[in-house]
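These protein sequence lines map, in sequence, to chains A and B.
Counting with numbering that gives the first Met the number 0, you get residues 0 to 370 for the letters of the first sequence.
Counting with numbering that gives the first Met the number 0, you get residues 0 to 362 for the letters of the second sequence.
I should point out that these hints are in silico values taken from the structure, not numbers from a laboratory.
None of the values given here were measured: they were computed from a predicted structure.
Take these hints with a grain of salt, some might be off.
Stated by the list, open to error - Calculated lysine-lysine pairs in the DSS-like style (CA-CA distance at most 25 Å, straight line):
no., chain 1, residue 1, chain 2, residue 2
1, A, 86, B, 334
2, A, 201, B, 194
3, B, 194, B, 10
4, A, 86, B, 329
What the hints assert, rightly or not - Computed Cβ-Cβ distance ranges for the label pairs, DEER-style:
no., chain 1, residue 1, chain 2, residue 2, range
5, B, 147, A, 244, 28 to 38 Å
6, A, 163, B, 79, 33 to 43 Å
7, B, 101, A, 232, 47 to 57 Å
8, B, 46, A, 171, 20 to 30 Å
What the hints assert, rightly or not - A few chain A positions that, by computed beta-carbon distances, are all more than 12 Å from chain B:
no., residue
9, 48
10, 275
11, 355
12, 359
Just so it is clear, CB atoms sit at the ideal spot from N, CA and C, and this is done for glycine as well.
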Amino acid sequence: MFSLKRILSVVKKEIKELLRDRISLITVFAVPLSMMLVFGYGLKLEIKHVPLGVLDFSKSYLSREVVSKLTSNGEYFYVKRYFSSEKELDRALTFGEVRGALVFPFNFEKDFKKGHTAFQLLVDGTFPYRAEVIKSYVNAIVSLENLKIAERRGVELPVSIEPRYWFNESLNQDYVVAVGTLAVVLAIAPAVFSALLIVKEKESGSIYNVYVSSIGKFEYLTGKLLSGLIVSIFNLAVLLSILLFLFQVPLKGSLLLLVLSSLMFIAVSTAFGLLLSVFFSSQAAAFIGTVILTVVPSILYTGYLTPISSMGREALIVSHLIPTFYYMRLLKNIYFKAAPFSYLVQDLLTLLAFFTLLFGLNYLLFKKRER
Amino acid sequence: MSFSFFTLLYKEIVQFFRNRGLLLFAVYAFTLDIYLASTGIDLTLKNAPFYAEDYDLSYSSRELLSRFPPPYFRFKGYLLSDRDVERVLLKDEAVGVIRIPFNFEKNLKRGDRTEIALIVNGAEVSSSYLFSAYATQIIYNFVTGNFFRPPIEVVPRVYFNQNCSSKLFMAYSELMTVITLFLLLLPAAAVVLEKERGNIEMLTVSPLPNIVFMVAKSVAMGLIVLSFSAFALFFTVERVVSVPFRGSELDFLLLTLLYVFTASGLSMFIASLSENMLQVSQLTILLLIPILYLSGNWTPIEAMPKLLQWLSVLSPLKYYIDGALAIAIKGVPLKELTSDIAALTLQGGALFALGNYFMVRRI
Chain A
0 MFSLKRILSV
10 VKKEIKELLR
20 DRISLITVFA
30 VPLSMMLVFG
40 YGLKLEIKHV
50 PLGVLDFSKS
60 YLSREVVSKL
70 TSNGEYFYVK
80 RYFSSEKELD
90 RALTFGEVRG
100 ALVFPFNFEK
110 DFKKGHTAFQ
120 LLVDGTFPYR
130 AEVIKSYVNA
140 IVSLENLKIA
150 ERRGVELPVS
160 IEPRYWFNES
170 LNQDYVVAVG
180 TLAVVLAIAP
190 AVFSALLIVK
200 EKESGSIYNV
210 YVSSIGKFEY
220 LTGKLLSGLI
230 VSIFNLAVLL
240 SILLFLFQVP
250 LKGSLLLLVL
260 SSLMFIAVST
270 AFGLLLSVFF
280 SSQAAAFIGT
290 VILTVVPSIL
300 YTGYLTPISS
310 MGREALIVSH
320 LIPTFYYMRL
330 LKNIYFKAAP
340 FSYLVQDLLT
350 LLAFFTLLFG
360 LNYLLFKKRE
370 R
Chain B
0 MSFSFFTLLY
10 KEIVQFFRNR
20 GLLLFAVYAF
30 TLDIYLASTG
40 IDLTLKNAPF
50 YAEDYDLSYS
60 SRELLSRFPP
70 PYFRFKGYLL
80 SDRDVERVLL
90 KDEAVGVIRI
100 PFNFEKNLKR
110 GDRTEIALIV
120 NGAEVSSSYL
130 FSAYATQIIY
140 NFVTGNFFRP
150 PIEVVPRVYF
160 NQNCSSKLFM
170 AYSELMTVIT
180 LFLLLLPAAA
190 VVLEKERGNI
200 EMLTVSPLPN
210 IVFMVAKSVA
220 MGLIVLSFSA
230 FALFFTVERV
240 VSVPFRGSEL
250 DFLLLTLLYV
260 FTASGLSMFI
270 ASLSENMLQV
280 SQLTILLLIP
290 ILYLSGNWTP
300 IEAMPKLLQW
310 LSVLSPLKYY
320 IDGALAIAIK
330 GVPLKELTSD
340 IAALTLQGGA
350 LFALGNYFMV
360 RRI
């Protein structure tokens, strides 16, 4: 039988150790906090203040008009430089001085008077998403101008297009990123902390005390798990308050469910870190392994930056192997969609299954001579 | 002296390769991890699934839907009610739904007002925005085609990466992130391991100056990371992910070498502050996050708040990414990247010297 006292003494030892190690004590809380602040606050998917180059062969009223329409609200584009030759422009694009360029042909205005004209938009494709957004901005602004010109000529478009954003009416991408960041941080920080909990004793040799002591395998592992959880629960409270009060992302679903699923997920990621700690015999390996196995999958395969529905088949298979995928879905369902409980049950149970699996593996792989 | 330096170098390298766990993850990071990152997702609009709620079911409405082409869009079928719309969006089965009203065709022909609704899943980012932007453009082009020819047309052309493939960017950016992670961690871990074991006492009383130990560690780890990077470049990036490399690989690796000095200098700072691996690991992440963010890899520097724009000159990764992407994607020769080289050399020299100096002072 296991005893609560022995479990708690492991917890007590870990907490004391942390409290006496000032740098660790600060950083253990500073790491998730800084991740949340930097990425939740700073990761901007809107493209703003794009430096443009202009190469105007037509030197016409119309070309200046187009440039001013594109840059007039000052938010999306500004003209960094006017060029006089294609060669100069090419160089500026190559060295990143400008991210895009407008090229007006010699007959730009003349053709317009004849009824139809065109200009070229050159975009630097190094950052593909940015390139696509720049293209779409320019297209949208020019389309609007075309409509105005048509209206002046007496042609009115009878169709209006009305985009509606469900679940997030103003399409505030910052909200979605902030909530997604919570999932990413909770995938990384608890795992990284718990990844060292056991392997540090292996490296320093104090694990032999554990081997010969009367504590059972289950008690020892539970103690380590709990100490990881205590730190992470504190962090969770801080991160949730940031989300609700600092970023002020409106919560549409139930807070209770949000906390419940977050707790389950913390348990999963703590157990994952612990598993690496049981498996490896060097702290450096356990740490770097945790970082590599959590960061890329939870950022790229969970729907953090791109919809799950547009993933390919292989990517979809990979994403279903990652616990963060389910937590991200839960989080978005609760946070933005206020989805009914029946939509959430399956993901909650999956997280529970992940926890059981990971903790079970911990139990199987941790070798200790027991009574 | 030089002999003992090489002995130390040898010792560090052997020690690295005998740590099987570390070796395993290094191989994983420079191969599979980069593969997963570059093939996993695409931030641009690719195969975005959408449904239509078509109340008109006319020739025009079908024609309109046929204007949503692959590889950008993927038509999944028709929905019959708003309930279904809610269901597919709740279950993330579509990025958006296009709703076409009754009498769409009739109104269009007569020139009466009609309204097309685009219902987009706002709980998703990046491609949701592109979805609504592209869809608006397509519907607009379709409708205007019936009335007038747009007087001004935009002819877009994308430089360096014609079909806007995310693979290219993701492969290189992930490679550089992995390089940064290993460079920040490995030298610090090598030093702190000696501290934890108590070996550091032996080192301080040995006849060799302390600085030699520290430099040997940074150089050894730098060499290891550099050779893994070369492997990742030639094998993972060029063969497995198979994205084109425009410039010269030698230039890329030379720039990486410069970066090695900068990052391992930072690692020595971590080592000088840390007493145990927990501290090393936490401080590594604490440094890695701002370096990654300020590099402008995820958020363009021009879109950051002013204060962060100024701070971004401090991130060595910014110069490395700028230069390395220019070499890899745009085919710029190294000798033209003078400002990036100057910044990296300056930062690298200062950080490497200071980091090692601090480290020696602290023991």
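Outcome of the hint check:
1. A:86 with B:334: Holds: residue 86 (chain A) and residue 334 (chain B) sit about 19 Å apart, inside 25 Å.
2. A:201 with B:194: Holds: residue 201 (chain A) and residue 194 (chain B) sit about 15 Å apart, inside 25 Å.
3. B:194 with B:10: 17 Å, holds
4. A:86 with B:329: 15 Å, holds
5. B:147 with A:244: 28 to 38 Å: Violated - the Cβ-Cβ distance for residue 147 (chain B) and residue 244 (chain A), about 51 Å, lies outside 28 to 38 Å.
6. A:163 with B:79: 33 to 43 Å: Roughly 19 Å apart at Cβ, these two residues miss the hinted range, so it is violated.
7. B:101 with A:232: 47 to 57 Å: 54 Å, holds
8. B:46 with A:171: 20 to 30 Å: Between residue 46 (chain B) and residue 171 (chain A), where Cβ atoms are some 25 Å apart, the hint holds.
9. 48: 4 Å, violated
10. 275: Contrary to the label, residue 275 (chain A) does not stay out of reach of chain B, its closest Cβ about 9 Å off (not over 12 Å).
11. 355: 25 Å, holds
12. 359: Holds: least Cβ distance 22 Å, greater than 12 Å.
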